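2 protein chains.
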Amino acid sequence: MMISETIRTQAHPALLVTADAATAAYRRAVDGYSREKLRSIEMEGADGTPTMFVDVLVEDAIIAAARSIGVNVLSEERGWVDVGSSVTLVVDPVDGSANAAAGVPLSCFSAAVVEDGEFSEALTSWLHTDERWWASRGYSPYRTSGCTGVAEAAVSMLRPHRRNWDAWTRVAERASRVRILSCSTIDAAFVATGAVDAFVDAGSDTHRLMDIAAAVVLVGASGGVVLDARDRPIEFDIDLTRRWSGIVAATEELGEELRGLITA
Amino acid sequence: MMISETIRTQAHPALLVTADAATAAYRRAVDGYSREKLRSIEMEGADGTPTMFVDVLVEDAIIAAARSIGVNVLSEERGWVDVGSSVTLVVDPVDGSANAAAGVPLSCFSAAVVEDGEFSEALTSWLHTDERWWASRGYSPYRTSGCTGVAEAAVSMLRPHRRNWDAWTRVAERASRVRILSCSTIDAAFVATGAVDAFVDAGSDTHRLMDIAAAVVLVGASGGVVLDARDRPIEFDIDLTRRWSGIVAATEELGEELRGLITA
Chain A
1 MMISETIRTQ AHPALLVTAD AATAAYRRAV DGYSREKLRS IEMEGADGTP
51 TMFVDVLVED AIIAAARSIG VNVLSEERGW VDVGSSVTLV VDPVDGSANA
101 AAGVPLSCFS AAVVEDGEFS EALTSWLHTD ERWWASRGYS PYRTSGCTGV
151 AEAAVSMLRP HRRNWDAWTR VAERASRVRI LSCSTIDAAF VATGAVDAFV
201 DAGSDTHRLM DIAAAVVLVG ASGGVVLDAR DRPIEFDIDL TRRWSGIVAA
251 TEELGEELRG LITA
Chain B
1 MMISETIRTQ AHPALLVTAD AATAAYRRAV DGYSREKLRS IEMEGADGTP
51 TMFVDVLVED AIIAAARSIG VNVLSEERGW VDVGSSVTLV VDPVDGSANA
101 AAGVPLSCFS AAVVEDGEFS EALTSWLHTD ERWWASRGYS PYRTSGCTGV
151 AEAAVSMLRP HRRNWDAWTR VAERASRVRI LSCSTIDAAF VATGAVDAFV
201 DAGSDTHRLM DIAAAVVLVG ASGGVVLDAR DRPIEFDIDL TRRWSGIVAA
251 TEELGEELRG LITA
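So the protein lines, in turn, are chains A and B. What the first sequence shows, in full-length UniProt numbering, is residues 1 to 264, in sequence order. What the second sequence shows, in full-length UniProt numbering, is residues 1 to 264, in sequence order.
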């Protein structure tokens, strides 16, 4: 069975309707508005960061779709939208907003399903092509690369910031190859499929839950790990002020070596 | 007129048939072979660097297409294929080979037409989607961002190497945003369209002519510049041992400021 067929028949309907809504809204946004408008700051999001117009357009479409199917949504801009369901979607409407708004075609819709407080499945959809990656906690169609050492690893990273320049440099110097794609959720999908060996926020504490929630399922079920550089549990929480430095790695050994470099 | 229609009707036929051949060969390669096979080293290229199996497959298809239409080809693996034409294509069959071989969908076919020793037009095609960017020396459908200062610029860079770590860091610290996409020719197309403000090899002298030849036309005709960090002329030459540190920028001012940072 093709993976796209697996996703269509096995994924939670809430993931499918919100992914469809996100793709359609993204296309309307990039076809209908200038780059200046797309990147204009529309509001301060529930997570305390500025929200671009493109984020608002796509998030509104996702929330409407989730409401139509009766599930709660936790999203970066509007926060916690509780309709009394036992199912919650943790959603990043447009991960890689800066890419999307500029015209760099690397941005994703990403969502994890939470049932009984646990992540049960996740879907990431590349908005430019509508390619999708999906897994549940018990089943993944993907396999990580199995890479166990940083010196052999192709590592994707968040761009360096002043506050974590030294940690960023330690990882970049040691890795066999470094990329900065500016889209955490596509990077995590690439770790799940084995296209890259790891993806890290090298200690800048930039990651919010929606940046790494899908990775917990996609990469965890594909043989890899998702750690936090400072060992904080990556768990469902409606408090959007929490931050992590996610380490998404093909294997436990690779994840731990990256953590050691970042916290050295 | 849609840009795709402009390209179909105005581009040199040699660009169109080779781009078509490259896309078809790339798809056969990624569908038909494992990642291990795609990245296996097949030969030492004419440019002195190791050539992956995926490069050979795509280049063979391009050379056959170019021969069918009777133009010369200068390509990284086979070198100079002279059929006695007044037209030469300077070709990168798979720019971003490491991406292509690993399964990161960022790699391009890129070619510049040389007539009477001058670059006259160029086409870059994203192999994953077949999206194409084309311009001639006298006409471009694109416009760069017009950005004039590094502090406001989103700058794409080649990954840092030990030999240019300090120059790389000076640019990364000063720029407003940094990306490493590991595909020079898509980065140059993004500079032409204004999606990113600049793309640089920060002094590592990694660029061969085929990595930046298309940029000379695409970005030059769109309002930007292509410089070399050490001021070497970027010109047609069948000597594939030559290297450059290309600076592809939205404006002359931005290009010169980047050159100053790289050579400081």
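Since the hints were derived computationally from the structure, they do not count as laboratory data. All of these numbers come straight from a predicted model, not from anything done at the bench. Among the hints, a few may not be true.
Unchecked claim - As a list, the in silico SDA-like pairs of lysine to any residue whose alpha-carbon atoms are at most 20 Å apart:
#1 A:Lys37 - A:Thr23
#2 A:Lys37 - B:Lys37
#3 B:Lys37 - A:Arg174
#4 B:Lys37 - A:Gly194
#5 A:Lys37 - B:Gly194
#6 A:Lys37 - A:Ala98
#7 A:Lys37 - B:Glu152
#8 B:Lys37 - A:Glu152
#9 B:Lys37 - A:Gly146
#10 A:Lys37 - B:Arg143
#11 B:Lys37 - B:Thr49
Given hint Lys37 of chain B paired with Lys37 of chain A - CA-CA distance at most 20 Å:
Violated, because 45 Å separates the two Cα atoms, which is more than 20 Å.
Is the Cα-Cα distance between Lys37 of chain A and Glu152 of chain B 20 Å or less?
holds, 18 Å
Given the hint that Lys37 of chain B pairs with Arg174 of chain A, test it: the Cα-Cα distance must not exceed 20 Å.
Not OK: Lys37 of chain B and Arg174 of chain A at ~26 Å, beyond 20 Å, violated.
Decide if the proposed pair is consistent with the structure: Lys37 of chain B and Gly194 of chain A, CA atoms, cutoff 20 Å inclusive.
holds, 15 Å
Check the hint pairing Lys37 of chain B with Thr49 of chain B against an upper bound of 20 Å on the C-alpha distance.
holds, 18 Å
Keeping to a limit of 20 Å between CA atoms, is the pair of Lys37 of chain A and Ala98 of chain A held or broken?
holds, 12 Å
For the pair we were handed, Lys37 of chain A and Arg143 of chain B, check the Cα-Cα distance against 20 Å.
holds, 18 Å
Is the Cα-Cα distance between Lys37 of chain A and Gly194 of chain B 20 Å or less?
holds, 15 Å
Holds or violated: Lys37 of chain B to Gly146 of chain A, with C-alpha atoms at most 20 Å apart
holds, 17 Å
Restraint check for Lys37 of chain B with Glu152 of chain A, where alpha carbons must lie at most 20 Å apart
Judged against 20 Å, a Cα distance of about 18 Å means the pair holds.
Starting from Lys37 of chain A, check that the Cα of Thr23 of chain A is at most 20 Å away, please.
Measuring from Cα to Cα gives roughly 19 Å; hence the hint holds.
Violated hints, listed in ascending order, are 2 and 3; each of the other numbered hints is respected by the structure.
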